[in-house]
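Turn these sequences into a full structure, and let the hints steer you where they fit.
Residue numbers (our numbering), protein chains in the order written: chain Z, 1 to 153; chain R, 154 to 294.
It should be emphasised that the hints constitute simulated quantities derived from the structure, not laboratory data. Check each hint, because a few of them may be wrong.
Across the chosen pairs, the derived CB separations fall in these ranges [said to hold, decoys possible]: (1) R:Glu-160 to Z:Pro-150: 47 to 57 Å; (2) Z:Arg-114 to R:Thr-176: 28 to 38 Å; (3) Z:Pro-16 to R:Gly-280: 39 to 49 Å.
Glycine is no exception: its CB is placed at the ideal position from the N, C-alpha and C atoms.
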Amino acid sequence: MTSVTVDESFQGRVYPASGTTAVTAGAVRAFARAVRAVHPAHHDTAAARALGHADVVAPPTFAVTLAQRADAQFVTDPAAGIDYSRVVHGEQSFTHHRPIVAGDELTAELHVDRVRVVRGNAMVTTRTELRLTDGTPVCTAVSTLVVRAPEEQ
Amino acid sequence: MSTVRFEDVRVGDALPAVRHEVTRADLRAYAEASGDRNPIHLDADVARSVGLPDVIAHGMLTMGLAGQSAADWAGDPAAVVRYGTKFTAPVVVPAEGAAVVEVAGTVAARDEDARTVTVDLAVTSAGAKVLGRARAVVRLP
Chain Z
1 MTSVTVDESF
11 QGRVYPASGT
21 TAVTAGAVRA
31 FARAVRAVHP
41 AHHDTAAARA
51 LGHADVVAPP
61 TFAVTLAQRA
71 DAQFVTDPAA
81 GIDYSRVVHG
91 EQSFTHHRPI
101 VAGDELTAEL
111 HVDRVRVVRG
121 NAMVTTRTEL
131 RLTDGTPVCT
141 AVSTLVVRAP
151 EEQ
Chain R
154 MSTVRFEDVR
164 VGDALPAVRH
174 EVTRADLRAY
184 AEASGDRNPI
194 HLDADVARSV
204 GLPDVIAHGM
214 LTMGLAGQSA
224 ADWAGDPAAV
234 VRYGTKFTAP
244 VVVPAEGAAV
254 VEVAGTVAAR
264 DEDARTVTVD
274 LAVTSAGAKV
284 LGRARAVVRL
294 P
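Following this line, the structure appears as structure tokens:
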């Protein structure tokens, strides 16, 4: 049986935050439209402020846009040996410590929590910690990616 | 948009069922909004070349649509404090017409101290369960 090769020594690796990402109202609105989040607080600053938010509120899965960018540091690292065309998304979770709103400046620290090969497929679990620039925790996003084994020849 | 109060919620309560139609244009819009431009969601030839029947929806789009059922039920865009799922089957999106994604939800647990409820989401497309163990924890007033 053919097996995926992935460097298991990457388990435990941490990629420190590099730079910050500014969450824009335009990005929040476009994402909200794409997932059919119709509440006015996603789209209208005044409606968001009426609910006590500084600006428009991101939908619950918006954090994936930052987490996937953080994941790419590991997934596309040639040393990790991952064939991206064979990657499928296995699991995803978000724990929100505080809502993401437009105007946030966020950092993303990537943890490679688990790398293992099961029946020829690699299972990779990453955790992205999103924080404000002052260190306030905002969201923990956990992704499990499956790198499928090549088909039998 | 409803506003649900913690005291009024019981384990076993059903959320309103929602039926989404998902088209190729929706996948292009999600690709732009999310930055996930993996061609298996945009190009049938690429999808078939890796063994898929046709273009498939981003798992994260399906997760996003399903999560809206919990957020809309709560009536507060910031009510979902935790949300997780497994991706168990792809949503296949035809070139013409739309894939149908159906979302049902049930209150599975309530936590008096945290004033949160756990909502289990059942998400299907073309008879297949496309999300597994899809579960949102929602904070209610």
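Against the structure, the hints come out as follows:
no. : hint                               : in the structure
1   : R:Glu-160 to Z:Pro-150: 47 to 57 Å : holds (55 Å)
2   : Z:Arg-114 to R:Thr-176: 28 to 38 Å : holds (36 Å)
3   : Z:Pro-16 to R:Gly-280: 39 to 49 Å  : holds (46 Å)
Hint check: no violations occur; every hint is consistent with the structure.
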